[in-house]
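Participant: Dock chain to chain to rebuild the complex, using the hints, since each chain is given by itself in its own frame.
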Amino acid sequence: MANKKWASPFIIWIIAGTVIPILSIIYYGFTTRDGGFTFRNITAIFEHDHIQALGLSLGLAIASTLVCLILAIPMAMILKGSKFGKEGFMIFVFILPMWMNFLLRTMAWQVLLERAGVINSILGIFGLPPQELMNTPGAIILGMVYDFLPFMILPIYNTVSKIDDHLIEAAYDLGANKFTVYMRVILPLTVPGIVSGITMVFIPALTTFVISNMLGGGKVNLIGNIIEQEFTVNSNWYLGSGLSLVMMIFIIASMLLLNKFDKTGGQSLI
Amino acid sequence: MAELIRLENISKSYGDNKVLDELELTVEENEFVTLLGPSGCGKTTTLRIIGGFEMPDEGRVYFDGKDITDLPPNMRPLNTVFQNYALFPHMSVSENIAFGLKVSGKSDQYIKDKIKYALKLVNLKGFEDRRINQLSGGQQQRIAMARAIVNEPRVLLLDEPLGALDLKLRQEMQYELVRLKKELGITFIFVTHDQEEALTMSDKVVVMNNGYIQQEGTPEQIYNEPENAFVADFIGDSNIIPGKMIADKLVEVKGVQFPCIDGTDNGFKPGQRVDVVIRPEDVEIRPYGEGLFNGTITSKLFIGVHYEMLVKMEEGKFEWLLQNYDEHEVGSKIGMYVRPENIQIMHKPQNDYEKRMSLEL
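For the protein sequence lines, the chains are A and B, in the order given. With the working numbering applied, the first sequence covers 1339 to 1608. With the working numbering applied, the second sequence covers 9 to 369.
In short, the hints are calculated from the structure, not lab data.
Pair by pair, the computed Cβ-Cβ distance ranges are:
1. B/D245 <-> A/P1347: 57 to 65 Å
2. B/S21 <-> A/L1594: 49 to 57 Å
3. A/A1446 <-> B/R68: 56 to 64 Å
4. B/R139 <-> A/A1354: 35 to 43 Å
It should be emphasised that the depicted structure is a prediction, and the values quoted were computed from it without experimental measurement. Using N, Cα and C, we set each Cβ at its ideal position, and we do this for glycine too.
If we strip away everything but chain B, and leave its shape as in the complex, we get (with noise of 0.2 Å):
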């Protein structure tokens, strides 16, 4: 795949309040990227720096390598579908969607035909001559999406689409998003905060925290090997505990000494102070006396598919969260282990910068 959209070197700033800090980022053709993050993490500004609303105070904006920096956003070969639709109202649905055809001067055959094409590809074929106040949150998202794509941008930008709709619409609008990303062929940049959204959509993530880029990588990645403790947290619940190398793949937490799969080869050596993350799924529960370590349940709560439960240790101060198919009761002492390939070790923040990436914890 090559390269499409690439981001030098950029800082932007709101008065004193620094929201991207010397950006680097590479978009793919043909991918669908999300930058994921809380919000004053940067990742909508990113966005409106590559849609051109917003000038970056230093570095560069390059289009299939061209700086693009400069243009402004009626310039720019892309589109962007924005958070609250931003659909005109005073315009029918077939004259929202044929808005940027009439500007680029199409002939009138032809935006007949692209509105049509445009609505059957939204499923609301008919809907032509609707107002835009006669629709519902969910059409009015399909109708924002149709007048985005009838421009054939190569890129479309998505600005939290789906945040104002209900779960159930939401679940339904991420199948959409990838089959017309599908059909049409061509790259999506989308933020959310939401994780969901972003690991079931996307082929590569992009998790931002104070104007930072904390780690790039398929949904997988992200989830399986978080970089640090910040998206180790944002991303899923997990239990992260401080604790230190002893030898080459051997850690000690409170106490407990037990394998694991990181070592030498990945820079960790003995003596050396790390962050652990354990997935609360990943950890099993064994008889009292049988697991790495022991402790007491605290709470429990039914989430549906599995249990949830908090875990007080005996070992040392910190609550373990659980997530179990079988039910145990409170106030039960049971034993916990966890597979040495299920724990993620992580340096801890060394200097300002790295402290400034992750999470206060």
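Just chain A, same shape as in the assembly (with noise of 0.2 Å):
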């Protein structure tokens, strides 16, 4: 078949793009540093310093998540109720800040929690006293919904938007009120929306160690954080490797967790 011919840059992609990246972090997540075979790698997971990472990492980014879906659904409802193409301006201007560099935003929040930075100036204005804002969870969590948030709103707009008015009027023709509405037609016909931007926000966050650095300043250590050192300080890519694979089983079954969710039998990311 034609198709079969053009497919092979794709096979090639995919091949040099996964399997041999996740053939090798299998390698290493099973290989001591002479060459032997492993669990320890793995099982170094439930060291004390390695739990307690995962465990902030999850609570932070379910925290994060939570507030991206809290910020989205309802940005989503009211952009789907204005008229004559405003909403085409709304999502380019949430969409902007995407456009500069993902450390720079970071940075900006940098300046603005600083100790000397300018939320703590403005309190000063008002004969506050000046907040830890830096080097929080909550500065982390912050950060991830400034960035992350795009990522949840989008999907969540998309499936919004191609919701048929009619229905939505047919449920009102049938007597529902605009509560019931919403509940029982509305929200229901997003949750494919909303599984992919959870996806697409949860992912990132509970892996993200960028803006952990930045926010958290070496003081919050993320599961993030900890792989990277192992990369990166203590080049020791064993450990790294099987903490990484891990993390890949944590992703794996919350998206099975989340597609159980989505009854309209899309297509799932897994």
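Facilitator: Okay, here's the thing in structure tokens:
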């Protein structure tokens, strides 16, 4: 078939970009420094520091995903309600920060949150004592929400805007009030968008080390930071790979869980 | 029959586009009313105003004597079957049907019985647990009907519900709708652009164009006695020829005078310019020279039951459309005769208002 010929670049891409890296991570993950087979790199997740970092990572990732969700759903609804192409502009405004470099955006929050930063200066004007805003879990959640919010809004807005207005009219026609229409028709039909939004925010939030480095100042250690340090500072690729494999299992498990909620039977990411 | 719905002086515009202009419409209890017209004539907007999905700019909507203009759709005692069915894709068939009943807080047993009854009524017994995407177009259509009628509305609004079905299914559903209406004993307001649908099913047809009602009447009245050139042209095929009244019950077309049954009794004065409407099946073919007009057949199509022919007349510039059971060869010269009772005389548009009401010819 002609299709097969065209597929070959993609097959090469998949082999080079997915299969080989995963295989090498699996290889390193189950190997000791002197080349022997081991489970140590995997079970290392249960060490006190690691399990604490994993717990904190999960907590912060869940928190920032929830905040994104709480912001994005009403936002998408408001956008759907607005008329005459205004929503195109609104989406544009929300996406605009994404055009800026990711590191720059996060650095901007450093400037805002610093002890001598913009927010504390404003507080000072009102005679309020400066707050310790940087290097806290809160700062990291804020940074993650700011960086990842567009990835929540876009899929949800996409799904919401495709809901047929006649369905909403039909629900009203059958006697439902606004609340019922929302809970029984709009929200269930938004689930696919919510699922992919959660996926796109939760995974990078769980594995990030840049945001926690920049806004946590090394005081908040996430699992991403530990893995990064194993690769860069300690040059221990074996432990780094082992912990990465554990993270992958966490992510796969959370995806499977999420897909259970997507009853409309759309395409799943796994 | 008692009056159930009255639209009073309804106007509606979208921007500069006036969709409805001072519309007046009355729907009686237990009537099958069809709003018929080409797309953009305002029929769907009228239905949506009755359903509460659009607010009229001016005018009031009365239901059973009460003003319901400001009531939202969920407070109105009527239900709608939407053009694309608008079934909830995330619910099963029975969940769809139960939606309105659950919202109004009916008991589980009542809901269960109602679903069963409704599915039986639309001939889809045993479909309770199907998903919507497992249904064919015709089945979805029936479920949409079932979902609306379980709420026991006094009026069912149907927005071109048969538009997406193929011809055979559409004809079946026409019978089905008439049967349903009889069994339920409620009022149907049906919107369509298909004149055949309108004529087959309705008690009353309301022909609309450009936001105005052109004519209201029984299907027979609409077909046999169109009030203006638009109705005549929209309902079935017709020959519409400009003419002049010569005397009472005598009209002249293209220099030929012949008797008709309209005259001073219904407001046609001698000397007045009129439109003459003749249905193609009412033109009788006679030997050449023995009819009112003479002409040459320029084309012939076999339609199934009859032949359809175009005839170029000799008396003036006009091409006649004829329907006849007998075959006549292209090129043959014939005479044409029309019985006086089959000639429909219509007023020419007089002023702006009437001009807007009629088709440009």
